[in-house]
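K.L.:
Chains as they are written, first to last, in our numbering: chain H, 184 to 433; chain W, 381 to 650; chain U, 19 to 262.
No lab work stands behind these hints: they were computed from the structure. Here a beta-carbon is modelled for each residue, glycine too, at the ideal position from N, C-alpha and C. Accuracy of the hints is not assured; some may be wrong.
[Stated by the list, open to error] What the simulated footprint calls covered on chain W by chain H, stretch by stretch (three residues with Cβ under 8 angstroms from a Cβ of chain H suffice, anywhere in the stretch; the number is not a length):
(1) 490 to 496
(2) 513 to 523
(3) 607 to 613
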Amino acid sequence: MKKTMLAAAAVLALGTPAFAQETVRIATEGAYAPWNFLNDAGEPAGYEIALGNAICETAGLTCEWIINDWDSIIPNLLAGNYDLIMAGMSITDERLETIDFSDNYFPPDPSKYVAAAGATLDFANLSGARVGVQGGTIQAAYAEENLGGANTVVTFATADQAMADLAAGNLDTILADGAYLDPVVTASNGAIEFVGEDVMIGDGVGAGIRKEDAELKAKVNEALATLKADGTVDKLIAEWFDGMGPFFAE
Amino acid sequence: MFEDLAFWVSYITNGKHLTWYASFQFTIYAALLGGALAVIFGLTGATLKNSRFAVLRLIGTIYSSIVRGVPDVLFFLFFPLAFEQAVEWFVATQVCTPESIAAQTSPWPPCREANWFLGTTEYLLLASVSLGLVYGAFATNVIHGAMRAVPAGQLEAARAYGMSASQVLWRVHIRQMWVYALPGLSNVWMLIVKATSLLSLLQIADIVLWADRLGAPNFLPTVGLVHDDWRWRYYLVLFLFYILVTWLSERAFEAIMRRAGRGILSEVPA
Amino acid sequence: MEAIFNDLQIMLPAVMFNIYFAAASIPLGFVMAVFLALGKASSNPVITRLSRGYIYAFRGSPLFIQFFMFYSLALSLNLTVWKPLGISGFVLHPLFIGPLVLVLNTAAYTAEIFYGALRAVPRGAVEAARAFGMSRSQQFRRVVWPNLIRLAWPAYTNEVVFLFHATAIVYFALPVVGAQADLMMTAKTLFERDYNAFLHFSVAALYFLAVSLVVFFLFGLVYQHLMRHLPAQPRLRYVPSWWR
């Protein structure tokens, strides 16, 4: 068995050019509108896709988008299945222990609670509530630490699944990024509303990069600086987030 | 009414849905390749189990009983990861220099030159091989039993004709074996078909992933049609798809068994 | 070596979730399977068709899809049905809906095993019972059922082991409440920390193998008890087969 495996490995090593890095592969989740989602054509779209393409163009890189589930998006970056993560990922100290980030392309954004209209939740001493979060997010870590004891924290694979459970009344509240929730609350026509106080977690959203990829990080940061200076980043934020900003104008 | 119909027809034929329909190919490829590999591994395992050498018999027995004693999903996740690491380890021994190993900060691979990119194609191949390995263990059992079910008289007759051992094996033993193995192999095939639903766990954008993305509630007009949670409808389609595949497979196996059993047996043991 | 013991310790609470899922669904699945098998063999064409269709559908589709489908279906009924009844949080809890789907699934597989055994019950024994003047329920309890369960037991043991293995995918399909995690989730989390696939997945596999062996042993004892009337008692061996 071992011998055949080595033989197969040798064949793969010689025959596969995949070991050499040609294109930059960018992973996204595709379930976090308006950051990143799959549009009606079945292709990745959203703020990060527009920005990512602009970065690649500016830096002269060939880029390819890859859809990867959120919960394994960092492990698969480290495993080398792609080179960048652009998936609404907040820069946190905990993540900085394993991966590196580009400069942020979205400013620090408050996390907010939403609930069905008319819900009465006492946020001063919340207890017995069912709090939905997306697994592996800054909100999941926050909820586990601050709400875990007295409340039930329910973890979902995607933010959309958590929204489905909230809409169906299986959750009392959801804690998620404000920029993700804002358009949902607006579009719900009052069915879903913000509750409680905003929470500041995370240092803005950036692109995740392997620590040893300093060269790629420099290229991305350089392109990002150009795009911030010429107003492209602000323009894209305003376009995808309903006129938000400007944040990066000189 | 007609406008409604036209709207729904255009909705279920938009690019997102078409991508979903196209993703059925991954499921079908994985099932066919996995099935073919399962037969090959099954034949290998059964040959090992029938071997004259105790060591080979032991290997065959260990393979078929360990793999069957563990959930398919565990092996399905483990094998591609382990294989990737084995390849990277092998490449690392060839290409890594002390400097590049020192420059590596993440725990794996040893150096970045040894990194192996896995895309959909690679994962699909690895997934098929895992399916083949897992269900090959079941096929080993089936084929081993079937080889013992071949009447000894037929093998003796072949030997009496002066056939060599390998001629007896290939021209008589394995050919006659299929009749007895087919009912069991049909069962193994059904297991493989059902196991293809796990492809999304290996980051393949398969039918299950698209059903989730299509059915998830959408609140934003910029994203597409605004709708509530429609997931169960999409999963129902997949539920029915698998039942249909099962039904078609049953009919196909019936036809094959009728053909294979011609003139040999009046009844095939169930 | 120390790493293995460490993993064994971490996964000990996790294996309890898998055991719970299996233990919670086996008894109900068994009872439901008996009714389904009798339904499939019934002389009433409507009951036969319904049982047959149910068994076919649940054996012909993946458990993974069944989990997703039943969770989202139950979710869409939440506001209209579960909430008014006040059982919302209970019905949609993975510790409830997980075993529920497993019951629906294993009942179909078990029913097919029982149906096969039912048809294999010696006709002469049933005729003798009838000649004795036994009522239909007496025939079933005293003749058909004892024969059926003896014939079905080895295959049923196999199905129970498969059901235990099937618990590995529960948390891949359902939301996770609090820090509850089964063997697969734990192994995956540990793997994502240090990329030691061989260690963590092997330890999880070890647990699955160990519990499978315990199941074979316990069901083997029951089998010996069932077969105690025979002079040479047949033994149940550890042979997970292709049944399912």
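K.L.:
Does each hint hold? Answer for all of them.
P.N.:
Cross-check of the supplied hints:
1. 490 to 496: The restraint on the region 490 to 496 of chain W holds, since 5 of its residues have a Cβ under 8 angstroms from chain H and three suffice.
2. 513 to 523: Three-residue rule not met by the region 513 to 523 of chain W, so violated; n is 0.
3. 607 to 613: Holds, because 3 residues of the region 607 to 613 of chain W bring their Cβ atoms closer than 8 angstroms to Cβ atoms of chain H.
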